[in-house]
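K.L.:
Let the sequences and hints guide you as you build the complete structure.
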Amino acid sequence: MSEYFVGIDLGTTHSALYYAEKDTNASLKQLHIPQLTAPGRMEEKTLLPSFVYFPHQTELLESDRLLPWGQSEHIVGALARELGAKSQGRMIQSAKSWLCHSRVSVDEKVLPVDALEEVEKVSPAQVTEWLIEHLVNAWNHAFPENALEHQHLVITVPASFDPAARATTEAAAQKLGLKARLIEEPLAAFYAWLSEQADWTTSLEVGDHILVVDVGGGTTDLSLIQASDNDGALALERVSVGRHILLGGDNMDMTLTYHVAGQLAQQGTQLEPWQISGLTQACREAKERLLANTELTEATVTVPSRGRSLFNNAIKATLTQQDIQTLILAGFFPEVQQGERAQSQPRSGFAAINLDYESDPAITRHISEFLANSDALPTKVLFNGGVFNADPIRKLLAERLDALCGQGQTLEMLTPSHLDHAVAKGAAYYELTQYEGGVKVKSGLAANYYIGVASPMPAIPGMAPPVDAVCVAPFGLEEGSEEVMLPNEFSLVVGEQVIFRFFQSNNADVDSVGKVIASFSVPTLTELPPLSVYLDAKQYSAGEMVRVCVSAHVNELGLLMLQAHDVNSDHVWQIEFQTRES
Amino acid sequence: MSKEINAIGFVPRFFGAFGQFFKYMGNGNYAARCNEVSSGSKFEFEVEPKIITEEVEVIREIQIEAPKLDTVNTDGALQLLQLLQKEARFIDFTQESIDAYSDEEVGGAARQIHSGCSKVIQQYFSLDSVHEATENSRVEVPADYSPQQIKLEGLVQGDGPYTGTLIHPGWKITDIKLPKVSDTGGLSIIAPAEVEV
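Note that the protein sequences, when read in sequence, are chains A and B.
Counting from 1, position 94 in the first sequence corresponds to residue 94 in full-length UniProt numbering; the numbering is continuous, with no gaps.
Counting from 1, position 152 in the second sequence corresponds to residue 152 in full-length UniProt numbering; the numbering is continuous, with no gaps.
Bear in mind the hints are in silico, worked out from the structure with no lab data behind them.
For glycine and all other residues, C-beta sits at the position ideal for the given N, C-alpha and C.
The reader is advised that the hints may include incorrect statements.
[Claimed, not checked] Some residues of chain A that are not near chain B, with every Cβ distance over 10 Å (derived):
1. Thr37
2. Gly331
3. Gln343
4. Ala372
5. Val510
6. Gly543
7. Ser551
[To be verified] If the Cβ cut is set under 8 Å, some of the chain A residues that face chain B in the computed set are:
8. Asp64
9. Ser309
10. Lys316
P.N.:
Set out below in structure tokens:
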């Protein structure tokens, strides 16, 4: 029996798992994840595409869905993505981004968004559980003696995940019998870099600010880490995180696809839906070719027909180096000024229920907005994510950041060795340092959190009672730290369903616990999905108002917990983030 | 000699003589045998056997099996074709006549087929050179070289070592990681027919 430190990167488009054995000084290794790649064909791959597919009853034979640990009703991984590209209404993707959707609850059955009538919709929380379950099975298959539930496990979440999304991820793991600690993805990427340094203190110095830019397939995640002096020793602290930005490498491929589709439309070729996905694939390959070799002036994009002939009805277009320059480099990484903010476009009044995609594609503008909110300028930069495999993108963004920070200085680049796997690797390394010692990056809550408190006011027709926001948990509150008790007392309704409104701050200024933001200033905060909670009446009668004190702490798994303590007895009510309502 | 005759002592001889008297008197046949022995004849078991040696030619037929060639497992070949068709549309390409298309068109398709094929090879096979020297360099081949690994060409004579130019460093597979399948029966379907409903 041995013990392992395991890191899971539960990505929007791909998941990965790294591990290290305890007390062996062994290096971090990657788990190869068994998955179906075609009906009846099983392969072990380093990445598990985060896709789920519900096959039609006749589509697959019993034997076609055989995995080393048995069969499953739904398909997860490479085959799910492939089948879903060819059949509509049966595939779920980007379930993770739904976990922090502002208007859809994690337990609401909304996926697949375009589900066919006979396909039963499932909740984002359920999909998260299935993805983790697949990884658990893969682990237990590889290590039958050392079940995952007995290992030290870390799951990464976007730095921008709100408390409810974090709690949902944790709850999904818990349902599978796992006890997982959560850490933020950009932080994990930074840990991956740390794991590859012989002595990190030589690379960093007091006062350094390291900007972590993590551009994945579907999301961009930003964090700022500060190197500070801790009694003569160099200490690291994560001081700021960006908001959830649904913008990533897939957007770049889509941009090229629409550009080429537009060209073809001008020539009179209308594309069918299946050709769009083929075109995206071909554009991605052309983009990689052009970015890998900037001397190449153009690349051909071909979408062969679906029939036997590769030549008949094949669609052909050309992407030039110039297209890449204007659409990708200038489009996603334009020059920005200090303090420039992401632009929002007027939105259409009605929109289909779907993810809130970013309207401004300029990653540099999101970065400058983030830096303005954090009130700091970086001295070093760590890039992570597959997008940065392309040399020109890395160079250009470095150039833009140099210009953004001004003073003619050059930011130093820190590069983790593998841009696609760094997050999982860093997560496993983080858990390792928790037990075996090593540098720890101090990180706590990424924002101030507030609860809405209704002000007493005589009823006025047509006006809801105004709500003040009271700070319950300050920025930087760390896991395992002492409980923070609010100085104020409140009345709490017990024994009936009540709604808590919940807010978070947008900047990195620390508010003191108990600080009241008056109702007219509340719009400066970001409102989080309200929590609908039923608190047990205990000795009180239903609907009674109880005088309580409120406390907050971050538990050892990194989850924010709120408790209401009865002033007149020992009763404590836990306010859970899992149950939130749209 | 298989058995020796041992002399009998006086006392048993003395008493035995009376018995022999009556046996000699009553049995003519026995008396005749006694006379033969007393006249010097020997019993068969007292005589050394005579060995007769004679050479005989023996011809025996032995069946030698005809040289047998191994058949390779066809499942692996079918699976490789499946993978090549899926990633590179390899069968489609080889089954279509390309005479009617321009070099440019064929070139465009070749790019895709190339990227698909190399993806398959990279993913499932680990390749290495047989000979580590660079192409077109002078190399020495020891006398006891393995003809499976090195093919001598040109003016090949004598016992070696041989020197020559490395024309092609060769390829060898160091590792194969083919996908596992749940049912080998379906492998002959290289690509299913596709029907859009």
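K.L.:
State for each hint whether it applies.
P.N.:
Tested hints:
no. : hint   : result
1   : Thr37  : 6 Å, violated
2   : Gly331 : 26 Å, holds
3   : Gln343 : 37 Å, holds
4   : Ala372 : 43 Å, holds
5   : Val510 : 50 Å, holds
6   : Gly543 : 55 Å, holds
7   : Ser551 : 54 Å, holds
8   : Asp64  : 7 Å, holds
9   : Ser309 : 6 Å, holds
10  : Lys316 : 7 Å, holds
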